[in-house]
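Asks: Given these sequences and hints, build the entire structure.
Here's the letter readout for the chains.
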Amino acid sequence: MSTETRPVAILGSNRIPFARSNGPYARASNQDMLTAALDGLIDRAGIAGARLGEVAGGAVLKHSRDFNLTRESVLGTRLSPKTPAYDVGQACGTGLETVILTANKIALGQADSAIACGVDTTSDAPIALNEDLRTILLELNAARSNVDRVRALAKIRPGQIVPEVPRNAEPRTGLSMGEHTAIMAKNWGITRLAQDELTAASHHGLAAAYESGFEDDLVTPYLGLERDGNLRPDTTIEKLGKLKPAFGGSDGAMTAGNSTPLSDGASAVLLGSEDWASDHGLRVLARFVDAETAAVDHVSGRDGLLMAPAYAVPRLLARNGLGLQDFDLYEIHEAFAAQVLCTLAAWEDPVFSRERLGLAEPLGTIDRDKLNVRGGSLAAGHPFAATGGRIVGNLAKQLSELGRGGGRGLISICAAGGQGVVAILEAAGQQTAHGRQQTAKTRRGRA
Amino acid sequence: MTDTYAQLIGNPIGGFLADKVGLPKPVRLDRYVEGAPLIDGSVLVGSAPGGRLGEAIAAVLAEAETPVDSRLDDEVRGALGVAGIDAGVWNPEAPADQRWKGLIFDATGIGSSEQLRELWAFFRPAIRRLAPSGRLIVFGSPPEDCAEPRAATAQRALEGFVRAAGKEVRYGATAGLLYVSAGSEGRLASSLRFFLSPRSAYVSGQLARIGAGGDPSSIDWERPLHGKVALVTGASRGIGEAIARTLERDGAHVVGLDVPDLATELEAVMSSIGGSMIAADITGPDAPALICDELEANHGGIDVVVHNAGVTRDKTLGGMDEGLWALLMEINLTSEERIDDALLERDVLNENGRIVCVSSMSGIAGNAGQTNYSTSKAGVIGMVESMAPLLVERGSTINAVAPGFIETQMTAAMPIAPREAGRRMNSLSQGGLPVDVAETIAWFASPASSGLNGNVVRVCGQSLIGA
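Residue numbers (the working numbering), protein chains in the order written: chain A, 6 to 452; chain B, 75 to 541.
Hints may be right or wrong, so weigh each one.
To be verified - To give a feel for the contact side, a few chain B residues facing chain A, derived at Cβ under 7 Å:
1. Leu-146
2. Glu-149
3. Gly-152
4. Leu-154
5. Gly-155
6. Ala-161
7. Val-163
8. Asn-165
9. Glu-167
10. Ala-168
11. Pro-169
12. Arg-173
What the hints assert, rightly or not - From the derived model, a few chain B residues whose C-beta atoms are all more than 12 Å from chain A:
13. Ser-144
14. Val-150
15. Gly-162
16. Asp-171
17. Arg-323
18. Asp-360
19. Glu-481
Since the hints were derived computationally from the structure, they do not count as laboratory data. This structure is a prediction, so every number in the text was calculated from the model and none was measured. Beta carbons: idealized from backbone N, C-alpha and C, even for Gly.
Replies: Following this line, the structure appears as structure tokens:
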């Protein structure tokens with residue numbers, strides 16, 4: 006086994022337009038949508054019939070029958086059936102985590118190519134049996150005599166018909182993600198106006214991306230939907246300002262506008278070694294550089310539920326010898342406008358820097374013109390596990406368009422359970438990740 | 075001593091009527107309880123750009139483990155981080171449910187009248203979030219130290235702001251101003267702690283100057299006077315007794331002094347606090363020598379001297395015979411001067427010593443029927459001012475408190491009209507307690523208060539009289 010790592014290329018991506026919950030994809034299953042997203046990518050890359058190193062995918066809300074969701078989806082695509090696959094789960098970080106896992110295998114030489122993907126449906130969501138009824142049915146199943154079966158069935162009561170619907174709530178706090186974020190927003194003093202401004206910018210950025218044709222080779226229409234169903238190109242700060250608070254009580258600043266809606270959709274990203282890419286005539290859009298995950302103790306309340314990226318990014322920057330300002334593009338997942346703003350505030354805050362990060366100086370501010378330039382989750386919607394693929398594909402293409410000077414992009418995604426997944430991509434024209442990491446090491450050595 | 079009106083207002087019907095008629099509604103003030111945290115709640119800290127006290131303020135709050143908030147873009151946040159305070163964020167434009175027990179603003183960066191706007195910007199959105207018995211504290215630079223006239227003007231203006239704010243804050247909250255000279259940042263801790271804590275319950279609309287002095291070494295804030303010996307004159311009852319008990323609580327060995335007629339009462343007080351006693355008439359010609367002998371022989375000198383003994387002999391000037399004048403002046407002023415002279419001449423006052431005098435509102439405002447008393451108490455202020463430069467040379471300090479209406483046997487014996495006027499005509503709509511005077515004296519007496527010299531601080535609930 007080689008101890009050397011090799012550069013990992015991002016070669017393309019595809020997603021289906023994201024739909025609002027109970028909309029056009031109401032009847033589409035996770036497997037249907039993921040298969041569609043994969044096939045679109047396979048067509049675009051011209052790799053039908055290829056045996057890839059692996060496909061890693063996942064969904065946050067899964068039916069019990071979806072236990073092998075990614076492999077089953079692969080079998081439905083035009084890839085070689087000899088392509089192995091596995092499922093990954095890290096809540097909203099799932100999509101980016103699949104990219105990290107497959108990229109690492111390519112870097113290590115354990116795979117030459119891979120697809121990282123994710124899907125979620127909140128329409129065709131799994132509904133579980135009432136826990137009491139489930140216990141009775143298990144008892145029935147275990148019964149050995151008819152008398153025992155009748156006894157078990159006799160325990161069924163009308164109230165037990167009420168099913169268990171999955172809730173968007175944290176198991177250990179009982180608070181919804183929105184309620185958690187409202188607490189964060191309050192703790193960080195995030196204004197309604199700032200949230201609405203970020204939301205409007207997201208919609209306008211994504212609308213412009215569609216208008217300019219930027220999304221043409223990133224999105225494949227599905228079930229009659231050509232653009233993301235949540236996109237409101239003509240929204241304004243004024244219009245957003247009229248919405249009633251959805252979280253944080255009657256004086257809360259979070260609304261249905263500046264929070265992502267429940268959505269359905271799927272995305273996929275093709276990765277490979279540079280040799281594999283040239284063998285298949287594929288242009289390298291960007292390179293995967295490095296990634297970091299973090300988690301916070303949101304249960305004690307010391308940190309907000311969605312603050313983990315605020316910890317992950319400084320660690321990632323330190324390892325790579327980079328400052329927060331050393332990026333041309335920032336993709337911060339807009340689970341809620343407030344999440345993005347809390348994260349930016351934390352990075353600017355000398356107290357957070359010292360007390361939480363143990364850094365003498367704050368990371369500082371970023372140029373907001375470089376943030377979520379082509380829109381974010383507030384505009385596109387957020388089918389949980391599909392968001393990472395949307396962001397990676399989108400950023401890789403933006404980096405490929407930066408020109409000969411190259412460039413660097415930062416991805417930050419928050420996830421349920423107090424988690425955060427972050428990564429760095431750089432333009433293909435950039436000095437290789439490999440060489441640059443060496444530079445970072447040398448730099449540290451000098452310091 | 076019973077404040078019947080406050081009791082009446084305290085019941086629902088009385089409270090309702092007071093609201094309707096617009097009568098003052100005194101609240102029960104928070105007072106210090108041994109072992110309690112510095113301040114019972116969180117504080118909001120802010121700074122005008124260029125302030126120089128952020129680190130010193132943050133160090134005090136960090137040591138006291140006080141929860142702190144600040145605006146995210148406030149300069150002071152860097153100092154809070156350095157001090158190890160995991161400060162919360164306050165943004166007046168965003169939804170918030172914060173309430174603070176203290177509002178602290180470093181105004182030392184204000185260099186012109188235009189920049190006084192910073193006061194407004196900090197306090198306006200926060201003042202209504204100040205909790206009952208809250209504290210509004212402004213830090214400034216002594217105007218006389220400012221090189222630029224405009225800076226001096228702006229710094230002098232802080233006084234008006236604090237006095238007005240003291241009259242606006244409600245439910246037992248108070249306001250205070252601390253002028254800290256350049257280089258004295260390290261000496262502000264005892265004063266910030268006093269102004270923040272419930273020890274300053276009845277001190278409002280007041281200012282103090284923190285200047286040169288010895289470096290306060292590390293101190294046990296629960297027992298700042300541990301190992302110190304304190305002489306308290308007039309210690310057998312009233313305010314004097316409260317002073318003795320408070321200084322003992324703070325760790326001092328108290329030597330109580332009173333006239334031989336009150337020896338029994340004095341002994342009762344001193345034995346209950348494990349103190350010593352001197353039964354002597356301070357007006358006696360040999361009293362200063364006797365006191366010095368006693369302190370030298372049995373206590374190895376003295377660390378804290380509290381000139382509390384005093385009398386009133388009220389009579390309008392036209393009807394006042396010489397005896398009333400002379401006796402009062404002898405007790406209230408001349409004897410104190412003679413004792414101080416002896417203590418200094420014989421070097422009985424130890425290094426880092428403290429002299430704390432009890433003046434009076436009458437000494438500031440003057441009072442009809444009290445020409446003798448007002449003269450003596452104004453003289454006490456003069457003594458503090460004139461002696462301060464002498465004491466600073468010896469590494470010691472002299473300061474005074476000036477009580478307003480304090481609930482004692484003396485005030486209980488007053489006719490109802492002046493008594494009620496005295497109680498209500500202040501920002502807290504009530505009389506103070508002897509312990510409020512004692513706590514203020516204990517602040518001056520602390521070894522950490524080396525930067526306080528020549529101050530006269532009123533303990534009057536921001537009385538309208540003499541304001």
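Asks: Would you mind marking each hint as holding or not holding in the structure?
Replies: Going through the hints against the structure:
1. Leu-146: The hint holds - Leu-146 (chain B) has a Cβ within 7 Å of chain A, the shortest such distance being about 6 Å.
2. Glu-149: 10 Å, violated
3. Gly-152: At about 4 Å, which falls below the 7 Å cut-off, the nearest Cβ of chain A leaves the hint on Gly-152 (chain B) intact, so it holds.
4. Leu-154: The hint holds - Leu-154 (chain B) has a Cβ within 7 Å of chain A, the shortest such distance being about 5 Å.
5. Gly-155: It holds, given that the least Cβ distance between Gly-155 (chain B) and chain A is near 4 Å, below 7 Å.
6. Ala-161: 5 Å, holds
7. Val-163: Hint holds; Val-163 (chain B) Cβ to chain A Cβ min 5 Å, cut 7 Å.
8. Asn-165: 3 Å, holds
9. Glu-167: 5 Å, holds
10. Ala-168: Holds, about 4 Å.
11. Pro-169: Check passed: Cβ of Pro-169 (chain B) comes within 5 Å of chain A, closer than 7 Å.
12. Arg-173: 14 Å, violated
13. Ser-144: Answer for Ser-144 (chain B): violated, closest chain A Cβ roughly 8 Å.
14. Val-150: 10 Å, violated
15. Gly-162: Check fails; 6 Å does not lie beyond 12 Å.
16. Asp-171: 7 Å, violated
17. Arg-323: 35 Å, holds
18. Asp-360: It holds; Asp-360 (chain B) is separated from chain A by about 62 Å at its closest Cβ, greater than 12 Å.
19. Glu-481: 43 Å, holds
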